[in-house]
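Engineer: Residue numbers (our numbering), protein chains in the order written: chain D, 52 to 164; chain U, 3 to 114.
No lab work stands behind these hints: they were computed from the structure. Backbone N, C-alpha and C fix where the C-beta goes; we use that ideal spot for every residue, glycine too. Please note that a few of the clues may not be correct.
As the list claims (entries may be wrong) - Dumping the calculated DSS-like pairs for lysine-lysine here, alpha-carbon to alpha-carbon at most 27 Å:
#	chain 1	residue 1	chain 2	residue 2
1	U	Lys59	D	Lys114
2	D	Lys120	U	Lys72
3	D	Lys93	U	Lys72
4	U	Lys59	D	Lys93
5	D	Lys114	U	Lys72
Claimed, not checked - Simulated coverage check for chain U against chain D, where a stretch passes if three residues somewhere in it have a Cβ under 8 Å from a Cβ of chain D:
#	segment
6	22-29
7	41-52
Said to hold, decoys possible - Anything over 10 Å on all C-beta distances counts as not near chain D; from chain U, calculated:
#	residue
8	Phe14
9	Lys16
10	Gln19
11	Lys73
12	Ser75
13	Ala83
14	Thr88
15	Ala94
16	Gly98
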Amino acid sequence: EDQVTQSPEALRLQEGESSSLNCSYTVSGLRGLFWYRQDPGKGPEFLFTLYSAGEEKEKERLKATLTKKESFLHITAPKPEDSATYLCAAAIISSGSARQLTFGSGTQLTVLP
Amino acid sequence: DGGITQSPKYLFRKEGQNVTLSCEQNLNHDAMYWYRQDPGQGLRLIYYSQIVNDFQKGDIAEGYSVSREKKESFPLTVTSAQKNPTAFYLCATRGGGYEKLFFGSGTQLSVL
Numbered sequence: 052e053d054q055v056t057q058s059p060e061a062l063r064l065q066e067g068e069s070s071s072l073n074c075s076y077t078v079s080g081l082r083g084l085f086w087y088r089q090d091p092g093k094g095p096e097f098l099f100t101l102y103s104a105g106e107e108k109e110k111e112r113l114k115a116t117l118t119k120k121e122s123f124l125h126i127t128a129p130k131p132e133d134s135a136t137y138l139c140a141a142a143i144i145s146s147g148s149a150r151q152l153t154f155g156s157g158t159q160l161t162v163l164p
Numbered sequence: 003d004g005g006i007t008q009s010p011k012y013l014f015r016k017e018g019q020n021v022t023l024s025c026e027q028n029l030n031h032d033a034m035y036w037y038r039q040d041p042g043q044g045l046r047l048i049y050y051s052q053i054v055n056d057f058q059k060g061d062i063a064e065g066y067s068v069s070r071e072k073k074e075s076f077p078l079t080v081t082s083a084q085k086n087p088t089a090f091y092l093c094a095t096r097g098g099g100y101e102k103l104f105f106g107s108g109t110q111l112s113v114l
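Chain D on its own, in the form it takes in the complex (with noise of 0.2 Å):
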């Protein structure tokens, strides 16, 4: 069964305290794995598509990188504004080209100024 896991569930930082987010996946075939922020009451917001062990991209204060088995969000010197629930998806390779996400349940990031 394709699994996506989020951990932890909930983390609080202090302002400018880096550190990173978790997304393993157990897929059947993997097409590419999504970062999504999503602020409350509001639908997601996309940031990072990766494709392939090894690949990283960045955007201001994110990296997202993978590996085989999963994926890290980092965060370097969070503001409050990064306060948020960060959610990953996996693509799969599908019988239909509908392409759909399995989502992990997303970790809530609260950053403390």
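Given the coordinates of chain D, assemble chain U onto it according to the supplied hints.
Structural biologist: Chain U alone, transformed into the frame defined by chain D:
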């Protein structure tokens, strides 16, 4: 502005009532999706549609119905058969050669 519009933002359902959530997009995307989000859980796929007049059940389709009469619109009906409808509902699209999903702002459905 290109985007996905979900309405209403908040919706309340009485017991035995069917309610319909609206999703409209002007991105010209072919594929549209409905997800359900419960607190502390990942997004779960309800229904998806790849083209007009065609749709498929997702993982949790029981108690829900959809239609896709126009490319721009993919409404979701939560029927009285759905006994635990309280959740945040998200509509998404995919297209334009992108693998990623684009999401609307969501509808919070609660039971009175």
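Engineer: Each of the hints needs a verdict: does it hold here or not?
Structural biologist: Against the structure, the hints come out as follows:
For the proposed pair Lys59/U and Lys114/D, the alpha carbon gap of about 35 Å is over 27 Å, so the pair is violated. Restraint check: the Cα-Cα separation between Lys120/D and Lys72/U comes to about 40 Å, which exceeds 27 Å; the hinted pair is violated. Taking the CA atoms of Lys93/D and Lys72/U, the gap is about 25 Å. The hint holds against a cut of 27 Å. A threshold of 27 Å between alpha carbons decides the hint, and for Lys59/U with Lys93/D the separation of about 24 Å falls inside it, so the pair holds.
For the suggested pair Lys114/D and Lys72/U, the alpha carbons sit about 39 Å apart, so the restraint of at most 27 Å is broken. For the segment 22-29 of chain U, the stated coverage by chain D is violated: 0 residues have a C-beta nearer than 8 Å to a C-beta of that chain, whereas at least 3 were required. Counting residues of the segment 41-52 of chain U whose CB falls under 8 Å from any CB of chain D gives 8; the rule of at least 3 is met. No beta-carbon of chain D comes within 10 Å of the beta-carbon of Phe14/U; the shortest separation is about 16 Å.
Distance check for Lys16/U against chain D: the nearest CB is about 23 Å away, which clears 10 Å, and the non-interface claim stands. The Cβ of Gln19/U sits about 24 Å from the closest Cβ of chain D, beyond the 10 Å cut-off, so the non-interface label holds. With a cut of 10 Å on Cβ distances, Lys73/U stays outside the contact zone with chain D, its closest approach being about 16 Å. Listed as a non-interface residue, Ser75/U keeps its Cβ farther than 10 Å from every Cβ of chain D; the least gap is roughly 17 Å.
Listed as a non-interface residue, Ala83/U keeps its Cβ farther than 10 Å from every Cβ of chain D; the least gap is roughly 24 Å. For Thr88/U, the condition that its CB be more than 10 Å from all CB atoms of chain D holds, with the nearest at approximately 15 Å. The non-interface label for Ala94/U is inconsistent with chain D: the shortest C-beta to C-beta separation is roughly 8 Å, within 10 Å. Gly98/U, annotated as away from the interface, keeps every beta carbon of chain D farther than 10 Å; the closest lies near 13 Å.
The structure shown violates the earlier hints numbered 1, 2, 5, 6 and 15.
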